[in-house]
Amino acid sequence: MLRSMYSAVSGLKAHQAEMDVIGNNIANVNTVGFKASRMTFKEIFNQTIKGASAPQGNGGGTNPQQVGLGVAIASIDTLFTNGGSQRTDNPRDLSIDGNGFFIVNNGGANLYTRAGNFLFDSNGDLVTPDGYKVMGWISQDGKTVNTDTGDLSPISIKNWSSTSPASTKLIQLGGNLDAGTSIGSSVSYNVTIYDSQGGSHVATIQFTKKDNAGNWDAAITNFDGNDLSASPVTIGSIQFDSNGLITNPAGSIFSVNVSSLPITNTNATLGDGTNITIDLSNLTMYSSSTDIRELSKDGNEAGSIESINIDQYGVVSGIYSNGRTQVIGQIALADFQNTQGLEKVGNTMFINTVNSGDPMIGAANTGTRGTINPGTLEMSNVDLANEFANMITTQRGFEANSKVITTSDEILQDLVNLKR
Numbered sequence: 001m002l003r004s005m006y007s008a009v010s011g012l013k014a015h016q017a018e019m020d021v022i023g024n025n026i027a028n029v030n031t032v033g034f035k036a037s038r039m040t041f042k043e044i045f046n047q048t049i050k051g052a053s054a055p056q057g058n059g060g061g062t063n064p065q066q067v068g069l070g071v072a073i074a075s076i077d078t079l080f081t082n083g084g085s086q087r088t089d090n091p092r093d094l095s096i097d098g099n100g101f102f103i104v105n106n107g108g109a110n111l112y113t114r115a116g117n118f119l120f121d122s123n124g125d126l127v128t129p130d131g132y133k134v135m136g137w138i139s140q141d142g143k144t145v146n147t148d149t150g151d152l153s154p155i156s157i158k159n160w161s162s163t164s165p166a167s168t169k170l171i172q173l174g175g176n177l178d179a180g181t182s183i184g185s186s187v188s189y190n191v192t193i194y195d196s197q198g199g200s201h202v203a204t205i206q207f208t209k210k211d212n213a214g215n216w217d218a219a220i221t222n223f224d225g226n227d228l229s230a231s232p233v234t235i236g237s238i239q240f241d242s243n244g245l246i247t248n249p250a251g252s253i254f255s256v257n258v259s260s261l262p263i264t265n266t267n268a269t270l271g272d273g274t275n276i277t278i279d280l281s282n283l284t285m286y287s288s289s290t291d292i293r294e295l296s297k298d299g300n301e302a303g304s305i306e307s308i309n310i311d312q313y314g315v316v317s318g319i320y321s322n323g324r325t326q327v328i329g330q331i332a333l334a335d336f337q338n339t340q341g342l343e344k345v346g347n348t349m350f351i352n353t354v355n356s357g358d359p360m361i362g363a364a365n366t367g368t369r370g371t372i373n374p375g376t377l378e379m380s381n382v383d384l385a386n387e388f389a390n391m392i393t394t395q396r397g398f399e400a401n402s403k404v405i406t407t408s409d410e411i412l413q414d415l416v417n418l419k420r
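Residue numbering for the sequence shown follows full-length UniProt numbering, starting at 1 and increasing by one per position.
Hints are supplied without guarantee of correctness; some may be wrong.
[Unchecked claim] Computed beta-carbon distance windows for the label pairs:
{"no.": "1", "residue 1": "Asp121", "residue 2": "Asp358", "range": "39 to 49 Å"}
{"no.": "2", "residue 1": "Leu79", "residue 2": "Thr192", "range": "56 to 66 Å"}
{"no.": "3", "residue 1": "Asp311", "residue 2": "Asn190", "range": "30 to 40 Å"}
{"no.": "4", "residue 1": "Asp151", "residue 2": "Asp97", "range": "21 to 31 Å"}
{"no.": "5", "residue 1": "Asn46", "residue 2": "Thr88", "range": "46 to 56 Å"}
{"no.": "6", "residue 1": "Gly108", "residue 2": "Leu412", "range": "23 to 33 Å"}
{"no.": "7", "residue 1": "Leu245", "residue 2": "Asp272", "range": "47 to 57 Å"}
{"no.": "8", "residue 1": "Asp227", "residue 2": "Asp291", "range": "36 to 46 Å"}
These aren't lab readings, by the way, just hints derived from the structure by calculation.
Where a beta carbon is used, it is the ideal one built from N, C-alpha and C, also for glycine.
With the hints as constraints, model all of the structure from the sequences given.
Here is the structure:
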């Protein structure tokens with residue numbers, strides 16, 4: 001009789017634990033990046049009243065007779081199915097489409113989370129709402145990120161708040177020169193160039209048609225309003241074939257000595273200190289109106305950071321007031337051989353254990369790691385309908401076990417009353 005009571009007590013404890021799991025799931029139904037848990041049961045052990053016997057002679061075999069002695073928790077599993085994606089249009093909100101975790105650190109061991117509601121603090125570090133720094137790799141040149149190194153650093157814009165000025169060393173022009181232009185006539189195009197201290201200057205490049213054989217001369221005839229037509233800075237000569245294309249593209253890229261251009265800031269220099277490369281190899285000469293365009297140009301004035309962009313690979317770029325964009329770093333993701341082996345440590349964060357395996361760290365969209373969706377958050381993966389159904393069955397299981405206790409108590413009371 002006592003066995004039934006103690007079995008029922010184990011049932012009460014197990015179902016209470018399951019209700020605790022369900023309650024925690026429902027409490028976190030709106031928690032960003034939360035992963036629901038699921039509990040399973042197992043029987044404890046059985047008392048064998050009679051063992052099995054083999055068939056002998058004319059008698060058949062018998063099966064064992066056993067009485068179960070209760071229930072225990074078999075497992076409490078974390079369900080790592082992806083939660084729904086909620087668009088926020090906040091560029092610092094990130095979600096992961098597929099496998100992987102963001103890596104965060106607050107001075108100790110790395111922790112792992114699916115909650116991507118990040119922000120930049122006053123030091124310029126990308127952090128969680130609790131101040132944990134988001135880890136990744138920092139660019140060394142503002143152009144690329146080396147993700148092959150195992151050393152992670154906090155993603156920070158502290159040292160990227162501004163860009164230094166750079167002088168213009170290359171100008172590439174394209175477009176068309178009108179084939180119908182009269183011999184000796186000229187067309188001009190103004191281009192802005194920057195000196196070594198970021199000062200901007202306007203240079204007028206003049207194209208003069210020499211003959212009807214497709215030959216043109218190019219020269220700088222005005223600089224910052226100073227007329228240089230009496231002694232222009234020669235760029236070079238270009239020639240077009242009968243199809244209107246440059247006959248010698250390689251010979252139409254000129255290194256132009258600009259040391260004589262009148263620059264008022266004597267501490268600044270133009271180009272590399274002496275020359276600027278001007279590429280005219282993409283010009284054409286068709287029978288249509290002249291339309292000269294700037295295809296590319298380097299150099300810039302000093303600029304301050306205006307906004308941050310994070311792409312699907314986790315590359316963090318700064319957009320500056322001078323129009324430049326620099327790569328600041330790249331957010332790292334981690335995946336595990338056994339995500340079920342991760343241990344919850346609160347704040348929707350996990351820590352790896354001996355059964356999860358070591359983190360496999362890399363960039364988004366590499367290996368088993370998914371891609372990053374900027375401007376979105378991963379919501380909780382709790383299924384309320386499923387939780388309510390589990391709540392009902394758990395409640396009924398608890399009630400049934402309590403009935404076993406009260407019924408066993410009544411039977412014991414009847415036994416006591418037999419002595420009356």
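Evaluated hints:
1. About 29 Å separates the C-beta atoms of Asp121 and Asp358, a value inconsistent with the hinted range of 39 to 49 Å.
2. Distance hint check for Leu79 and Thr192: the Cβ-Cβ separation is about 58 Å, which falls inside the suggested range of 56 to 66 Å.
3. Between Asp311 and Asn190 the beta carbon distance is about 35 Å. The supplied range of 30 to 40 Å therefore holds.
4. At roughly 27 Å, the beta-carbon separation of Asp151 and Asp97 lies within the given 21 to 31 Å, and the hint holds.
5. In this structure the supplied range 46 to 56 Å holds for Asn46 paired with Thr88, their Cβ-Cβ distance being about 54 Å.
6. Restraint check, Gly108 to Leu412: a C-beta distance of roughly 55 Å breaks the suggested window 23 to 33 Å.
7. Take Leu245 and Asp272: their Cβ atoms lie about 30 Å apart, and the range 47 to 57 Å is violated.
8. Look at Asp227 against Asp291: about 25 Å separates their beta carbons, and that is not inside 36 to 46 Å.
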